[in-house]
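In order, the protein sequence lines correspond to chains A and B. Quick note: the first sequence uses UniProt numbering, first residue 1, plus one each step. Quick note: the second sequence uses UniProt numbering, first residue 1, plus one each step.
Derived by calculation from the structure, the hints in this document are not laboratory data. It is possible that part of the hints are untrue.
[What the hints assert, rightly or not] Taking lysine to aspartate or glutamate pairs in the EDC-like style, the calculated list, with each CA pair at most 20 Å apart, reads:
1. A:K175 - A:D130
2. B:K211 - A:E352
3. A:K175 - A:E102
4. A:K360 - A:D130
5. B:K211 - A:D130
6. B:K211 - B:D240
7. B:K211 - B:E201
8. B:K211 - A:E362
9. A:K175 - A:D148
10. A:K360 - B:D90
11. A:K360 - B:E191
12. A:K175 - A:E233
Each chain, written out:
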Amino acid sequence: MTERTELRRQVRDLCRSRRDEGRYRPRADAWLRSFDLEFSRELARHGWIGMTWPRRVGGAERSNVDRLVVTEELLRAGAPVAAHWIGDRQIGPSILRHGTPELQREILPGIASGDHVLCLGMSEPEAGSDLAAVRTTARPTAGGWRVDGRKIWTSHAHRATHSYLLARTERTERKHDGLTEFLVDMDSPGITVTPIVDMAGSHHFNEVVFEDVFVPAGRVIGVAGQGWRQVTEQLAHERGGPERVLSTYPVLAGLLTANAEWDEGLLVELGELVARLGTLRAMCVRVAEALDTGTSPIREAATLKYLGTEFERDVLEFARGAAVPGVLAPDDPLGEAILAAPGFSIRGGSSEVLLSILAKQEAL
Amino acid sequence: MNDALLAEVAADVLGSATPQDAGDRLPEVWATMAELEWPLVSIPESSGGAGGRLADLLALVGAVAEHGLSAPLAEAALARWAVAAAGRPDLPGLVLPAWEDDTGVPRGAAWARHARNLVVWPRTGAPYLADLATARVFCGTNLAAEPRDTVVVGADARTPLPDAPSRSASVDRAALLNAAAISGAARGAHEITRLHVTRREQFGRPLIALKAVAQSLAGMRAELVSAQAALDRACAAHTDDPTRARPATAAAKIRAARAATSIARGAHQLHGAMGVTREHSLHHVTRKLWAWRDEHGTERAWSTWLGRTTATATEDELWDHLTG
Ligand SMILES: Cc1cc2nc3c(=O)[nH]c(=O)nc-3n(C[C@H](O)[C@H](O)[C@H](O)COP(=O)(O)OP(=O)(O)OC[C@H]3O[C@@H](n4cnc5c(N)ncnc54)[C@H](O)[C@@H]3O)c2cc1C
Chain A
1 MTERTELRRQ VRDLCRSRRD EGRYRPRADA WLRSFDLEFS RELARHGWIG
51 MTWPRRVGGA ERSNVDRLVV TEELLRAGAP VAAHWIGDRQ IGPSILRHGT
101 PELQREILPG IASGDHVLCL GMSEPEAGSD LAAVRTTARP TAGGWRVDGR
151 KIWTSHAHRA THSYLLARTE RTERKHDGLT EFLVDMDSPG ITVTPIVDMA
201 GSHHFNEVVF EDVFVPAGRV IGVAGQGWRQ VTEQLAHERG GPERVLSTYP
251 VLAGLLTANA EWDEGLLVEL GELVARLGTL RAMCVRVAEA LDTGTSPIRE
301 AATLKYLGTE FERDVLEFAR GAAVPGVLAP DDPLGEAILA APGFSIRGGS
351 SEVLLSILAK QEAL
Chain B
1 MNDALLAEVA ADVLGSATPQ DAGDRLPEVW ATMAELEWPL VSIPESSGGA
51 GGRLADLLAL VGAVAEHGLS APLAEAALAR WAVAAAGRPD LPGLVLPAWE
101 DDTGVPRGAA WARHARNLVV WPRTGAPYLA DLATARVFCG TNLAAEPRDT
151 VVVGADARTP LPDAPSRSAS VDRAALLNAA AISGAARGAH EITRLHVTRR
201 EQFGRPLIAL KAVAQSLAGM RAELVSAQAA LDRACAAHTD DPTRARPATA
251 AAKIRAARAA TSIARGAHQL HGAMGVTREH SLHHVTRKLW AWRDEHGTER
301 AWSTWLGRTT ATATEDELWD HLTG
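Bound-form chain B, shown alone:
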């Protein structure tokens, strides 16, 4: 599918859906996404996927977020990628990913309450498949009211997935998808704000006619452009050169988180009191920005990693990484 067609299909599917706080039901639009096999995009058809490029998947994840919708697309796509690599493309129902914390429990597992199976990455050792039929799920949410659950899985409900990608590779891919989602939500926040300030009048003219307002919006756009450029670069690294995937993902994640902070701030400022109401749609994107920027590694954690990697390498290595 080419980019324009993809955008058209996405707008078609997502345009009519209304943003709602997620919770005990999957959003209605999810059924359509699943039917169109969006979670299988970028997985080769030969492995049971729907084909397409990683860039296509990132574009879809971004589009869902841009519309302010909550749906487990990024998560399902990640889990499907893992089980396809592990030779289990046949798994029925919703499969989602989770990572064990230091205590050996998958915590903050996105949308887990809706899943049939989880792909779980322990701190060390091989990932396993957790059948949730017998597991106990403790419901929680993130700042955006999206399910983030804690799951206790009995030993007999686990099937090892020795051929699934490593924890580190899964974290990289999750962070990449997260950066795409953040960029999408940031795009949404910018656009909602742009429309608002071109319509709302104060001092007898639209807000956008005030220089400080227009420049604040332009500053948000510059952050957006930067986050998108970092994302494209990371996507290319994942596709063409896995050795660059981690540092490029770190950069994308750091830029996305920075953009999230400043765009959410700017968007609320320019909306005035209107933006903080439940009635106004702005919070559907900004709460996601606040929630997602810290998931799959805060920008501080990624910056520390990238800083240490740079400090222990030579300048030649840094430069080759930047320009390669």
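For reference, chain A alone in the conformation it holds in the complex:
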């Protein structure tokens, strides 16, 4: 057995045994909705958080393809991984790429151990698709910065120990200049977190208000004013993972396990879905391989997310035909997924915006 197959088996076995012990219930969209700090810490003890990072900051120095093996097994299992997902996927790598050695030493080991929970302070009421329009400001002050502003849709801000923050540090002619990335302690004075409840009645995202919040100088990620280039790179990490394909896979897995009799129409749909899934999965491998060579596969990631979220939704349409008993309870895995689905093609960049990014390359 190769090392990678062995890794896959270990993750699979851990998920199965925890599920059989009743530790978790497989859920669709688990990477955003299913939060269990203890589970994340258990994964951390196996070295499965920050696994591509250097050992000096708590990583395991493995490849992004290895990481893909771990993440896709977790998603397949619908395991509760939301507590570490954002830090592991996106903010950790960003700090590793752009942060000072001090910042790396300060933050990364805590992410890798499952002790730090990160949230993403990007979107604002007036800046969603048009991210460069953020109005939250950070003004220089003795020893650091003072932040004022309002972030919205901040997933898990109410549980986070740290927040990534995109703020304007200069008024410039081009709105893409003058943006800066920070890492902020969520227990800093002046931060207020208010829940935003989604239509299913669950609370995962929030509004976060910053009022004269002090952020030490060492918490700048990269170069002040140069945040935009870093954000777009970071978005390749956000968009290019298997979670953009597999959010609803547990629903499909559940159907296959139930061993139903399907008519030919459903078999055709299933075959089509499996063809797409195999293809999207191959695209995930390519993104991971590109990351391993140190490139930032921005377009590949955007293409993957664009096609992937469409697939995630079509799985639900298939499942409706294959399984619906007439009345679907909101806590049924399919019911939960249907209520979550509108978010798939919005979060991390809406499909229309991704298409615009892809459209830019056509004019070359």
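Take the given structure of chain A and dock chain B with the ligand to it, following the hints.
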């Protein structure tokens, strides 16, 4: 040959050829392809082939299609692969493949009128070699005006090829080559369209400056990327793990056919009336897309097969197949 060199050679050979409706003559460029032994690529030299990887052959098949050219490369390569495995690498002239239908007749046989011999796979039993010297060939064409003939072969013109690959293996390989050809033609259609909308002006600016136009083109590109990813995956399966070849081929064929439909549609839409004229080159690629997507199994047939295979397997088996 490395990928860049291969692409260069292909562009060199194909770039000067003009797309024409196929028909009673083989295209001029075919002589060059045959001379360069393209139909023998991916067949080991020890079996009388030209060596190289399966990926190289797929790249050549794709490049021919991308240029809008009609030539029996995929077909000749498939037949040569079969006769090499059957120990008959010495056969002279053009050898092409054909599959008998339910009535026991090879129908829709690509380019058969130009062949010296056909490798024919009956529904059941061993494949045979058909000498076309005495056979009757009824000419037909597909939507792309390429020869698709019906062949009646007398019993005495048949030589059994017991060591040739099975019908199912030949269909898989034909479908893989077909997916490569479709991806190539789709690439061609996308590129012709991209050039068109960057040059043609309406409302005082190039069409590409209109968001809806640029996004439609980007949507076509996403289909293209997906079809190519599926093709690469299937190629790897054929090369490394024949047990995965069929499901991966099914996926490649399904993705290619889907891409064919939406890219042909998008390309004609963005060309406006210009694209439907005989004068414009677009039809050389889009008619191929429409013709080829249904050959060697429609996407519905492949989807049914893949769906049934998935439904009768366990989730573990599906997952292992996807991630292996
Ligand atoms: C489940 C979920 C979790 C989220 N978690 C976080 C988080 O943790 N942190 C965070 O910062 N943000 C988060 N978001 C916010 C998300 O990133 C934004 O919702 C997203 O970027 C879209 O912005 P918006 O909602 O302001 O929509 P708008 O920008 O108002 O756009 C609305 C719609 O208009 C269309 N549109 C907008 N601009 C264009 C354009 N240029 N071209 C074509 N069409 C366009 C699109 O269809 C778009 O979906 C989350 C969102 C969801 C749904």
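Determine which of the earlier numbered hints do not hold for this structure and return their numbers in increasing order. 3, 6 and 10
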